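As you go down the protein sequences, you meet chains A and B in turn.
Quick note on numbering: the numbering used here labels position 95 of the first sequence as 95, and the sequence is numbered without any gaps.
Position in the second sequence (from 1) plus 303 gives the number in the numbering used here.
No lab work stands behind these hints, which were simulated from the structure alone.
As the structure is a prediction and not an experimental result, all values here were calculated from the model.
We put the CB at the ideal spot given by N, CA and C, even for glycine.
There's no promise every hint is true.
Under 7 Å between C-beta atoms, here's a sample of chain A residues computed to sit facing chain B [what the hints assert, rightly or not]:
#1 133
#2 145
#3 185
#4 199
#5 220
Examples of chain A residues lying across from chain B (beta carbon under 10 Å, computed) [what the hints assert, rightly or not]:
#6 179
#7 187
#8 188
#9 197
#10 206
#11 208
#12 209
#13 213
#14 222
#15 243
Distance windows between CB atoms, simulated [claimed, not checked]:
#16 A:46 - B:577: 55 to 65 Å
#17 B:600 - A:66: 46 to 56 Å
#18 B:577 - A:153: 41 to 51 Å
#19 B:512 - A:119: 21 to 31 Å
There are 2 protein chains.
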Amino acid sequence: MQKETNSDNRAELPRVAFLGMGIMGAAMAANLARDGYPVVVWNRSAGSPGVALAAAAGAEVAPDLAGAVRDREMIFSCLGDEKDVASVLGELVLLASIDSLVVDMTTIGPGAARELAGELESAGLRFLDAPVTGGDIGAREGTLTIMVGGRQEDFDTALPLLRVMGKTVEYCGPSGSGQALKLCNQVLCAVNMIGVCEALTLAGNIGLDERLVVDTLGGGAGGSWALSNLGRRIVDGDLGPGFMLRHMIKDLRLIEENAAVELPGTEMARNLFQRVSESSSGADRELGTQAMISAYSNRTVVS
Amino acid sequence: MQKETNSDNRAELPRVAFLGMGIMGAAMAANLARDGYPVVVWNRSAGSPGVALAAAAGAEVAPDLAGAVRDREMIFSCLGDEKDVASVLGELVLLASIDSLVVDMTTIGPGAARELAGELESAGLRFLDAPVTGGDIGAREGTLTIMVGGRQEDFDTALPLLRVMGKTVEYCGPSGSGQALKLCNQVLCAVNMIGVCEALTLAGNIGLDERLVVDTLGGGAGGSWALSNLGRRIVDGDLGPGFMLRHMIKDLRLIEENAAVELPGTEMARNLFQRVSESSSGADRELGTQAMISAYSNRTVVS
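Using the sequences and the accompanying hints, generate a full structural model.
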């Protein structure tokens, strides 16, 4: 990942803040720091392991939000949900340098993204929505898919840094478009999971070795990333994340709130995820989306 | 495909009949003939283009079913549905040599396969169910996935010939197991199609370029064969088969008849396919499964 030019020319690189040191944010900030960018990180709870991880990669740790964003040309954020983003970025209006470029990588839906873009822009800031897919592994390895909405010239400005964090960086159109594509991705992930769970359920019901579904069908017309990766976890009895069930439920709620169209399969997936989450009484914090299989069978929900 | 050993040793190769010269059967029989096997083909309507295709590849054409199966050690069939198979293979009991190995490649469901196995075996014949996936291209190129149920020793006997017709040839277990795995495959194909249609519908509704869904999301966690192949056909406005809508509806009926378990996503897919089929008034004979998109939008059903 290290580019010599960046290490050699730190003075010419944009000064970066990264807000939110969860699993994803910390890994992305660490990649920027390792690539030579001067990065200051901030997290609401300073004791988070993500803060230490970013610091170990060379990032500076800011004691407060004001300290993190002062004199920063680019401000990245990766937070929990749209309320967190509205709260943190709302403070930015008062704190950040006029004309900083704010790049939010949280999944918050196109409506919230467009609203934020409006607020920040009327305060003189610029804004890109840039949600990601690819999970913690993608964040660590810099192989995320990053879907970006906003002005083309702001995208061009952010592109070198986004390329450090992701392998596929796609400009999707005006503000909210990155979020829109991310929601389309979640539709695919959610509905494909129904397919995986029902194929495995049918196999079990009909007396077939479930592994044949994953091993034999994965390379054919029934194949999907979900089958090869999460289907395999199911037959191995591993319901841990992967992608967290509760995050998927949040993302599917965003679809309902942002789309004016009936998506019955997506709605079914949401109900199945919800049922599993409710019946797992707290253990859902440790469940991946493949735990949907628990809605189909009397498999024990394991944490 | 041509193996010199087979061309050199035709006398030692099993004599083969192939019943049913539809698109799939004709291509598979042609591959066997080209590989050096002595193949006699039969089709209920002798004028089918498939008959000519197999003959051009070196197969002999039988005037009637009795002529096709006389003195044949192996009898393959690829017919329309379970009624056709029961009717044609029912006649075999009276016609075929005792101890011929019958390999049916039609999708008929595990129940019908087990029933046929019983009938044929009580007449002294042996039976394998060996449905396929991979479509007409796979049949032509010999790259099908072939899923086989029956006795292991019969599988071993058929294996060299199945390897000529398919790239992945999988022994799935006792009689009906090949059919069972095929139905699992159809669950995946059907439900993944819901995912593709809903992701594209959401994109359209939310003002996003639909091509981004196929191009950007295909390589990630939302990716599937259905998205990369049939999703692309949808955005290109091509609703032709691929895999025929009406065949998928038949296969999903077989699931309902063979499984004693609720599969709500599969049921939803079946209803969507059915709705498209009914509203296309006869044009469904020319529609592929991706025509499901017509159930979501006011796209014109094109034939």
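Results for each hint:
| no. | hint | result |
| --- | --- | --- |
| 1 | 133 | holds (5 Å) |
| 2 | 145 | holds (5 Å) |
| 3 | 185 | holds (4 Å) |
| 4 | 199 | holds (4 Å) |
| 5 | 220 | holds (5 Å) |
| 6 | 179 | holds (9 Å) |
| 7 | 187 | holds (4 Å) |
| 8 | 188 | holds (3 Å) |
| 9 | 197 | holds (8 Å) |
| 10 | 206 | holds (4 Å) |
| 11 | 208 | holds (5 Å) |
| 12 | 209 | holds (7 Å) |
| 13 | 213 | holds (5 Å) |
| 14 | 222 | holds (3 Å) |
| 15 | 243 | holds (7 Å) |
| 16 | A:46 - B:577: 55 to 65 Å | holds (58 Å) |
| 17 | B:600 - A:66: 46 to 56 Å | holds (49 Å) |
| 18 | B:577 - A:153: 41 to 51 Å | holds (49 Å) |
| 19 | B:512 - A:119: 21 to 31 Å | holds (26 Å) |
The structure fails none of the hints (numbered hints given earlier).
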